[in-house]
Amino acid sequence: MIHSNQSSHWIFCCCCCALQTRSSTCVDVNSSRRSGSICRSQLSKKKLPYPPPDDDDDGMMKVVAMYDFSARESSDLTLHQGDEYTILHKQDQLWWRAKDEHGNKGFIPSNYVTEVGTIEANHWYCKNINRAEAEHLLRQEGKDGGFVVRSSSQPGSYTVSVYSQSLGKGEIKHYQIKQTDAGLFYLAEKHLFNSILELINYHKHNSAGLMSRLRYPIGPLGKCLPATAGFSSDKWDIDPSELTFMKELGSGQFGVVRLGKWRAQHKVAIKTINEGAMSEDDFIEEAKIMTRMCHPKLVQLYGVCVTRRPICIVTEFMENGCLLHFLRQHSGSLEQVTLLFMCQDVCEGMEYLEENNFIHRDLAARNCLVNERCVVKVCDFGMTRYVLDNQYISSMGSRFPVKWSPPEVLHFNKYSSKSDVWSFGVLMWEVFSEGKIPFENRSNVEVVEEVTGGGRLYRPHRATPHVYNIMYSCWHERPGGRPCFSELLQNTRQITEDTHTTEAHISQASIT
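Letter by letter, the sequence shown follows residues -23 to -1, 1 to 489 in mature numbering (1 follows the signal peptide of the UniProt record, and there is no 0).
It cannot be assumed that every hint is accurate.
[Claimed, not checked] Mimicking SDA-like on lysine to any residue, the simulated pairs with C-alpha atoms at most 20 Å apart in a straight line are:
1. 212 / 257
2. 104 / 274
3. 265 / 70
4. 167 / 135
5. 39 / 77
6. 150 / 178
7. 391 / 333
8. 39 / 71
9. 39 / 97
It should be emphasised that the hints constitute simulated quantities derived from the structure, not laboratory data.
Just so you know, these numbers come straight off a predicted model, no measurement behind them.
Given these sequences and hints, build the entire structure.
Below, the structure is given as C-alpha cells:
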C-alpha cells in the first residue's frame, strides 16, 4: 500500500491485493488470551504426521455436516449436508479426521460440521447474533415467514425472530422461547413441547399465535460457504498447473492480480508477485502461518505457489471488491446501521487476530473487502513487513501508512494490537465519512506533527456522537489507554442494537 500526498488509484479484489494504477491519489477503491493463541514457531515447523486412526468408535464424537464438501486430496473425506460422521481425531483445530457411514476415512474442515444433538446442528440457529443482526438477515432475505432462532440477551434463553409481509410491508417480531417449571418449551402457552426442535417443527405448520408460520429458515451465512483453512488439511504450497488464470483485475506495486480458478472449479484471486517487490523467503515462511488463520471475517489465504518464480498468492475472491470503493460507490445510500455492521464485521476479524497475537500493521478500508452478501472481511494482515517500497519507508527505515498510524509507530516503529486499534478508529472514520481520505489536505509530515501535538480527526458527517466516541477512544495517545478489540466489539454491537431499534421506530412511524 502506498501512502503519500500524491494521488493513487487502488483496486482491491482479494486478500493481499492492493492494486494501484499509476495515474491517480491515496486511495480510490471498490466495495491476551493465551488459550486461543497460535504458536508461530510450532506452525512454521514441518508438522508431524497424524497418528493412525482408532477404529474403536466408542466415545467418539458424532457430527452432522452443515455444508457439502468435496474431497480435494486423497487424504480428504467428502461431506454431504445433513449426513452424520464420526470424528476420529481432533488434533488439528481446523481439520479433523472423520469416518462416514460407509467406513471411508479422511480429513474434513471443522467449520463445516457441528455436534449431533445440539441446537447448532439446525440451519435456523444463529449463534452469535443480536436483535439488530437478526433483523438485518431477515430483511436481506425478504421472505415472508423467514425466521431465525438466536441466543437471547438472557443467558440460556433463546428468541425466535420472524419476518412477515402479511400487511403489505416487511415487519419483524421477536418471540422469546419460554419454559415451564416442568422444563417444557413454548411460544404460546397452549402449545408445550419437550424440545426447541419440536417447538420449531410445530410452528413450521401452525402459526398458533405468531404473526406467521415459520416457513423459511435463514442461516447466519446465507448462501455463502465458509472458507476453509487452505484447500486441504496440510496444503499451503499450490501447484501452478492447478490454476486457471482468467481476466486481469489490476496491477500495482506487487504485480498483476487476476480472477482465476483452482482445479477449474474453485473461484479464487491470484496475485503474481513481481521479482523484487517483496522479501519472498520471509513471506513464504509467514504464509504457512497465515493459511492457518481462519475466521468468517478474514479473507482466507489459501496458499502460495513457490515452485517457480515469480511466486503467486492465492486467496478467497470477494465479489464486491474493496470496502473503500464500495463506500464511495454507494455514498448517500447506505443506512446508518449498515455502516455500523461494516465496522462490526471488521472488529470481529480483528478480535480474532488479537486473540491469536497477530498484528495487522496496515488496517484501513482499502485493506477490507466486501463479498456478495455485503459481509466485510479483513485482508492483507501482516503484509507490510514484506513490502519493498520506498513510499512505505520513513527516515527510521520502518514501513507504515502514516495517516493510519499512532504516535508510537510514527516515532518508535512500535507495533502492537493497540496500534491496530488506532488504525481501526481511522477505518471507522473512513466508513462514516463514506470513503473520504483521512487528513485529506495534509502531507504525511504535517500529519505526524498534528497527531504528535494531540490533533485528531473530526467527527464525520454520518457519525453520531456515540459512534464518534468509540472511534475517538481508539486514538488515545498511550496504547494502554485504548480499548482492546473485544471491548470495541461489545461497544459497536450495543450501538448497532440501539441504532437499529431507533431506525425501526422511525420507519414504522413514517408508515403509519
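Results for each hint:
1. A threshold of 20 Å between alpha carbons decides the hint, and for residue 212 with residue 257 the separation of about 19 Å falls inside it, so the pair holds.
2. Between the alpha carbons of residue 104 and residue 274 the distance comes to roughly 15 Å, so the proposed pair stays at or under 20 Å and holds.
3. Simply put, residue 265 and residue 70 have alpha-carbon atoms about 15 Å apart, close enough for the 20 Å limit, and the pair holds.
4. With a C-alpha separation of about 19 Å, the suggested pairing of residue 167 with residue 135 holds against the 20 Å cut-off.
5. Proposed proximity of residue 39 and residue 77 is supported: the alpha carbons are some 10 Å apart, at most 20 Å.
6. Of the pairs offered as hints, the one joining residue 150 and residue 178 holds, with about 18 Å between alpha carbons and a cut-off of 20 Å not exceeded.
7. A threshold of 20 Å between alpha carbons decides the hint, and for residue 391 with residue 333 the separation of about 18 Å falls inside it, so the pair holds.
8. This hinted pair checks out: residue 39 and residue 71 have alpha carbons roughly 17 Å apart, not beyond 20 Å.
9. Distance restraint check for residue 39 and residue 97: the Cα-Cα separation of roughly 13 Å lies within the 20 Å cut-off, and the hinted pair is therefore satisfied.
The structure fails none of the hints (numbered hints given earlier).
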